[in-house]
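Please arrange chain B on chain A, whose structure you already have, making use of the hints.
Heads up: the sequence lines are chains A and B, in that order.
Under my numbering, the first residue of the first sequence is numbered 1, with each subsequent residue one higher.
Under my numbering, the first residue of the second sequence is numbered 1001, with each subsequent residue one higher.
Since the hints were derived computationally from the structure, they do not count as laboratory data.
Careful, some of the hints might be misleading.
[What the hints assert, rightly or not] If you want a taste of the chain B side facing chain A, the calculated C-beta under 10 Å gives, among others: (1) Asp1136; (2) Asp1140; (3) Ala1312; (4) Ser1601; (5) Gly1602.
[What the hints assert, rightly or not] Taking lysine-lysine pairs in the DSS-like style, the calculated list, with each CA pair at most 30 Å apart, reads: (6) A:Lys128 / A:Lys106; (7) A:Lys10 / B:Lys1142; (8) A:Lys167 / A:Lys53; (9) B:Lys1053 / B:Lys1018; (10) B:Lys1053 / B:Lys1142; (11) A:Lys142 / B:Lys1010; (12) B:Lys1142 / B:Lys1167; (13) A:Lys167 / A:Lys128; (14) A:Lys53 / B:Lys1142.
From the three backbone atoms N, C-alpha and C, an ideal C-beta is built for every residue, glycine too.
There are 2 protein chains.
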Amino acid sequence: MDPTTAKTEKLRVTFQPKEVTTRVPSGTTLFHAAAWIGQPVESTCGGRGTCGKCRVRILEGTSPVTPADISHLGAEELADGWRLSCQAEVRGDMTVHVPRLLSTPKTAMFGVGRQVLLDPNVHKIHLKLPEPDLHDQRSDFKRLRDALLEEGFAMSADLPALRALPKALRAADWDFTAVLCGEALLAVEPGDTTREAFGIAFDLGTTTVVGTLLDLNTGEARGVASTLNAQAVHGGDVLSRISHTMSRREGLEELQRMAGLSINSIIERLTGEAGVPLDRLYEITVAGNSTMLHLLMGIDPEPISVTPFTPAVDHGLSVPASDIGLAIHPRGRAYLFPDIGAYVGGDIVAGLLATALPRGDRMRLFVDVGTNGEIALGSEARTVCTAAPAGPAFEGAEISCGMRATTGAIEGVRIGEDGVTLQTIDDAPPVGLCGSGLIDAVAELYKRGLMDATGRMRGAEEMAGRLPASLASRLVTLGGVRAFVLATPEETGGKPVLFSQKDVRQLQFAKGSIAAGIRVLMNVMGVAPDDLQEVMLAGAFGSYIHPDSARIIGLVPAVPLGRIRAVGNAAGEGAKIALLSYREREAAEAMPSRVEYVELSGRPDFNDIFMGVLGFPPLASLP
Amino acid sequence: MDPTTAKTEKLRVTFQPKEVTTRVPSGTTLFHAAAWIGQPVESTCGGRGTCGKCRVRILEGTSPVTPADISHLGAEELADGWRLSCQAEVRGDMTVHVPRLLSTPKTAMFGVGRQVLLDPNVHKIHLKLPEPDLHDQRSDFKRLRDALLEEGFAMSADLPALRALPKALRAADWDFTAVLCGEALLAVEPGDTTREAFGIAFDLGTTTVVGTLLDLNTGEARGVASTLNAQAVHGGDVLSRISHTMSRREGLEELQRMAGLSINSIIERLTGEAGVPLDRLYEITVAGNSTMLHLLMGIDPEPISVTPFTPAVDHGLSVPASDIGLAIHPRGRAYLFPDIGAYVGGDIVAGLLATALPRGDRMRLFVDVGTNGEIALGSEARTVCTAAPAGPAFEGAEISCGMRATTGAIEGVRIGEDGVTLQTIDDAPPVGLCGSGLIDAVAELYKRGLMDATGRMRGAEEMAGRLPASLASRLVTLGGVRAFVLATPEETGGKPVLFSQKDVRQLQFAKGSIAAGIRVLMNVMGVAPDDLQEVMLAGAFGSYIHPDSARIIGLVPAVPLGRIRAVGNAAGEGAKIALLSYREREAAEAMPSRVEYVELSGRPDFNDIFMGVLGFPPLASLP
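Chain A on its own, in the form it takes in the complex (with noise of 0.2 Å):
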């Protein structure tokens, strides 16, 4: 596939009134092309053909009449052009009214400014039904299928659902609340307990977890935990975990475990603190890349870690949450989000689903910086993505006085006429330098002129008489090696904090990927920085970066200042949208075939693009 021209053929689809239009690849119900720009529809079932309340009319255009439309329409109003807009698949350019909405739909804010609506996979109804009599002998199964079917909902049972219904029903006296997963059968609970409703979003990194329990009837988030990944004891970045699975034999079984260990934690946590009782936790949504998404299921990664790259699975996953050793309701799911690539995996799907990047009409980058920079650009009209690899240098490794960002760490540097004066975690005494705090070093050595566009800093002799004493002091050569005291013994009241020459060419390697894995993006797109009308900057690391830093050292394209945004976990506000609405989730279950990915070691221009990189832009192109 030649990454450069468009995936698929799109077909225009505009809604009246109030004429937005989309273009979606063919085969799209118009129900999901409504929801990939934020066209309200109605809706109970979540596009599963049930409810019948999705209904639009066709002015433009056809759609052959379904099964369903039949079920829910009368011969009048198919004729009229009236369908579901769940059945109606787009197959050319097409025109359609939607109704104003019955109700104001309940919505909350999450991810970048996002307003969404709730929707969720989980729901509760709450039914009384006649006993069972002998001119009404049907089984229970069907008993129940057919009340939710009147409700608007299709139900499927398995086995430990169908041993446990019988009885729970009698137990219930036939009042009791349904709770349905997407269509499968959770539980038969005595009563209505329709307001106890409850899920966790997870992020999980390769480094941290974070969870978020939320209501679901609400959208109130009711806790928020986090945890160090116990994997992590096996390495620091994916590949070391992969080959820990591939130099013993348990290694897969041992971080399968751990993944679920650091994720039980969490929720027992946030359950314990909440005072909400596990059998009310039905759901669970859990992003993160596709190597730490393997582990968690328990399937090999090792084809991930060696050319030409491929996963075993990138699809979206919903599974029993026992199957993969979590502990949430015995009967409760995971949803486990797809990837786009093996590097462009189910985080970034969520941050995308977040920013709602390849569903706006602003052409917008997104980057999240890591051992792995993964990069998106588009708009609604087209978007592409690629993972470059950073190595470690942002999280602190190979970085002479690097450090991970934990207390000491040096996360802010500004460099003045007057000296030197650093940003610490929890304002401790200087220990060593994280990853903002190394781009805020160099980004201060280039704009005081104490290192030159290539990246090499300036000796002393070669400063004399153009600086003031404080700062003449801390340029000094060890061992030959240019260097730079951030801080002095005074300082940090031990060791000096010293930035040698190859810490500058570490970080260069580190941004130049990026930046190469950005400029061959906007190649792609045929895209210069002016068209950009917004930067992202995701995952926690993105949050600490300073934006005008991240400019100066080219780490991202030369824009205004106020287009650079800090974005946040983005791949955990995803999942939490993904919890909260079906909606949203089948945006993200479309993301693989709507962004195209770029393999970047494919691509004979990389090599020189990334050298064209390395240095630093002219200092007076920044706009």
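What follows is chain B alone, placed relative to chain A:
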């Protein structure tokens, strides 16, 4: 629901060029309408819309274009009325043209003279795929799914299948056989193993479990084995089994385990003797009454035993065999037949599949005689069914000289001028009467005038001078109760076998219940004995009943002898058919909606009818 009216309005479908017509409920697909009456239609995917081979041309009536049509048919074909018959639903009267089959399909003889198309639910597809490269980074799942779709098969994979996938594909060097059960991926086997595909069809009886090992490629039976149902220690009939689950906390699990043990012992024996490895045994089918199927699934059957007799489940189920404790391929599946009612279970659905009673054009009666008599009456135009509680008399219980059909049981009785001729099992000295002997004994006593039409036995004094001495001496009175000496102490070598007036009454109640059930169905259908073109006696017991005796005692209607036929183990035959043909399995799935269930307990006229058939028909009235 009024059982005297047809369940749903039916629509006419005529298939050209054979000009065969059927009537089907609205919403039936053309593919299933054709399969129902045995009109062959090309297909490899079994009607899932993926192979595109089942195309027909609609000559009269309309059917909207579906997405699957668009994938498989050209615009011109669509305009000419061509549709995939598995997608086209009947919504009005229709005439369609069916193209001639491209090749002669493989068939095998099963059931009651049925030519069954070999079209198993298990498919093995040999594939050689190119290795992934940087230009084709599809996940393992998608690579396999796409290749199968090209062969016409849809695929889904659960977590265990996904976990096995990466290693299996690479170990096989991308030259492998994919095993599908329905759409579920069971395995990826290295090389071409398409010739090795087996299944076992089970009749899970309350008393006996029978299994037949079948080669799914050829339909050839590779072995038959039977065993007593291990549950039998907890009672001989379904009610005692259910009461065991109610009286003991672990009762349900115990009975489930016992059903599994019985089935597993047969699996072990059959595969051992035929040299078939367990991992080439992919699917089993199980026909059984609803209680047996509930117990096998581990679902509480208690509500089946009390009014209004509602099962928990009555739809057909395909479940992982391991979930119900059965040891076949680790991811192999078990198909359990649907029930029509709590007492017209999956064994009867299988029997109706084997006889094709509701799909043929002749008016036929099907009777399975046991502790319950299950009865079906009708043809393709309409079929009704019911269950009549017969009690244990036919199994030898509550009969003074009754016994099970084991060594020494009298299974045949002839009373001639010169005495009594007995046929015993294993030709052993007579010990007691089993069911078929019981019916014979009563019929012979009646035929010889030793009993009147009300069932009253005549005494020795009443018959004085009208009997040869050899018979007269057999009329005795013991404790004021008349009896007939079936076997003298000299003949038994021990105690005599005495058949008493009380025994006659027990038989009358048992046969009266079944005869009344038949009469009710005949009334519902407006059918007289003359209209019955065939009376089929099913079940192991049905095979041993002498048709003439059954007619004489009025167990079956008074039809010419040649129209009464023993059809053997119809349930077991149905299980085989469902294993070998997915189309036929779908016909079984349609039975509950096509065959009307008549509940006898709800009928005010039942008692009168029952009283009316307690006696015996005038001998002269038999045609």
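Each hint, compared with the structure:
1. Asp1136: Cβ of Asp1136 of chain B sits 8 Å from chain A, so the hint holds.
2. Asp1140: With Cβ-Cβ at 5 Å, under 10 Å, it holds.
3. Ala1312: 4 Å, holds
4. Ser1601: Nearest chain A Cβ about 6 Å off; hint holds.
5. Gly1602: At about 4 Å, which falls below the 10 Å cut-off, the nearest Cβ of chain A leaves the hint on Gly1602 of chain B intact, so it holds.
6. A:Lys128 / A:Lys106: Given pair Lys128 of chain A, Lys106 of chain A holds - Cα atoms ~26 Å apart, limit 30 Å.
7. A:Lys10 / B:Lys1142: 22 Å, holds
8. A:Lys167 / A:Lys53: Given pair Lys167 of chain A, Lys53 of chain A is violated - Cα atoms ~34 Å apart, limit 30 Å.
9. B:Lys1053 / B:Lys1018: Holds. Lys1053 of chain B to Lys1018 of chain B sits at ~19 Å (cutoff 30 Å).
10. B:Lys1053 / B:Lys1142: With a Cα-Cα distance of about 23 Å, the restraint between Lys1053 of chain B and Lys1142 of chain B holds, given a limit of 30 Å.
11. A:Lys142 / B:Lys1010: 22 Å, holds
12. B:Lys1142 / B:Lys1167: Given that 30 Å is the threshold and the Cα spacing comes to 15 Å, the pair holds.
13. A:Lys167 / A:Lys128: 16 Å, holds
14. A:Lys53 / B:Lys1142: With a Cα-Cα distance of about 33 Å, the restraint between Lys53 of chain A and Lys1142 of chain B is violated, given a limit of 30 Å.
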